[in-house]
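S.K.: Residue strings, one per chain:
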Amino acid sequence: MGLRGQRAVTLSSGQAIRFLATLIGGSSVAFPAQWVRGIVMPAATGPDGFVTWAGMDYERTDLSARLKVISKGPSPDTRLILYGNEERSRSFEVDKVLGLLDVERALIHPLPPQFRGKERERLLGVFVDTSFIALIANPFWVLELPLRSQALEMFAVRFVEGMPEESASRLHLPVVALDEPVSMSMSHVSSSS
Amino acid sequence: MLRSQLHRRSQGTGAGATHARHQNMVVFSVAGKRLAARTEEIGGVLPWPGATPVPSETPHVTSLVRHEDSCLPVFDLAAKFSRTVREEESLCLIVKHVDGPLAICIDAQVPSLHVVPRSEVQYQSGLDPDIAGSCVAGDEQLPLINLATLGVASPRPA
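First to last, the protein sequences are chains A and B.
When you line the first sequence up against this note's numbering, it's residues 1 to 193, in that order.
When you line the second sequence up against this note's numbering, it's residues 1 to 158, in that order.
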């Protein structure tokens with residue numbers, strides 16, 4: 001089992017950020033992938049509301065409610081994302097996992113200034129894929145940690161043209177219970193099995 | 001002064017005076033509501049590309065549309081006027097907004113250009129800062145909308 005939908009959004013030399021792209025309600029929401037600890041089925045939630053995985057407890061947070069989007073509800077595509085850093089961990093439900101994307105830093109745009117509300121705390125920016133516009137969730141907001149400026153920069157990694165293996169080997173994402181391969185329309189950077 | 005130079009000069013002065021006496025307007029409609037806007041505030045008209053919703057607390061700015069290699073915020077002008085636009089039969093009006101390009105979903109009827117005498121434009125500050133006043137374009141009395149500052153004066157969400 002694996003997350004086979006891994007590809008790049010126009011990678012050349014420069015900095016890139018790896019995202020886990022998901023669907024929540026009608027929106028494509030991308031999360032910096034370095035803090036993704038796992039992807040599990042909703043049934044993995046214990047009676048106390050926690051997901052315990054690899055000896056670590058993940059408290060549930062209702063991200064769709066916090067984002068104020070209406071989730072499509074439980075379906076065979078519904079997954080729980082286990083997300084955390086050294087300070088805090090959370091699990092949250094998404095309607096679908098789209099896959100991993102390596103996005104060149106230059107192709108990530110800040111949220112346009114016409115958005116003037118609290119969404120600026122929740123969303124760090126956007127990037128345009130061939131089939132969707134992805135909203136980048138603020139990982140600090142997701143984990144209910146104090147917000148930081150320039151939060152995306154800490155997730156940027158150097159990418160060298162012609163060496164996608166280097167990028168692929170930087171991040172080892174434990175993925176469980178993702179039964180079907182993720183369909184992708186663009187060329188794969190590499191595929192994990 | 002040569003006569004030709006004098007003619008050119010008088011032509012130039014005349015054109016300037018004509019320009020000063022007229023305002024170029026674009027007339028379009030949003031969910032059936034007819035509106036006029038100053039031509040210089042409009043960047044173009046495109047087929048509606050379809051919008052991606054954004055969980056936003058900014059009044060009427062709740063989605064993005066793909067534009068060239070990037071995306072533009074969408075101002076929901078129909079919602080501002082408590083109307084609903086049918087996106088599948090729409091055009092995308094690109095606005096030269098003070099905060100950067102902005103998209104508006106307008107009706108499929110292609111906007112029309114009008115040269116409106118200044119005397120037919122009434123500027124007045126009302127309750128709605130997005131409405132500059134009114135004008136008569138093509139025998140219609142129409143609200144004149146401030147596209148370049150759309151939403152700027154809206155109260156910020158708490």
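By construction, these hints were calculated from the structure, which means they are not laboratory data.
Careful: at least some of the hints might be erroneous.
Stated by the list, open to error - What follows is a set of in silico ranges between Cβ atoms, one per label pair, in the way DEER data are often shown: (1) A:D57 / B:S29: 39 to 47 Å; (2) B:R86 / A:A43: 46 to 54 Å; (3) B:V110 / A:D48: 53 to 61 Å; (4) B:E88 / A:K118: 28 to 36 Å; (5) A:Q150 / B:E88: 39 to 47 Å; (6) B:R34 / A:E86: 38 to 46 Å; (7) B:R34 / A:P42: 23 to 31 Å; (8) B:E87 / A:E59: 51 to 59 Å; (9) B:L127 / A:A54: 53 to 61 Å; (10) A:M41 / B:R86: 22 to 30 Å; (11) B:V110 / A:K68: 33 to 41 Å.
Glycine included, every Cβ here is placed at the ideal spot set by N, Cα and C.
S.K.: State for each hint whether it applies.
M.R.: Results of checking the hints against the structure:
1. A:D57 / B:S29: 39 to 47 Å: violated (56 Å)
2. B:R86 / A:A43: 46 to 54 Å: violated (41 Å)
3. B:V110 / A:D48: 53 to 61 Å: Holds, since V110 of chain B and D48 of chain A (Cβ atoms, about 60 Å apart) stay within the stated range.
4. B:E88 / A:K118: 28 to 36 Å: Distance hint for E88 of chain B, K118 of chain A holds at roughly 31 Å.
5. A:Q150 / B:E88: 39 to 47 Å: holds (40 Å)
6. B:R34 / A:E86: 38 to 46 Å: violated (59 Å)
7. B:R34 / A:P42: 23 to 31 Å: Once the Cβ atoms are compared, 50 Å apart, the range 23 to 31 Å for P42 of chain A and R34 of chain B is violated.
8. B:E87 / A:E59: 51 to 59 Å: Distance hint for E87 of chain B, E59 of chain A is violated at roughly 39 Å.
9. B:L127 / A:A54: 53 to 61 Å: holds (59 Å)
10. A:M41 / B:R86: 22 to 30 Å: This hint is violated: roughly 39 Å between Cβ atoms.
11. B:V110 / A:K68: 33 to 41 Å: holds (36 Å)
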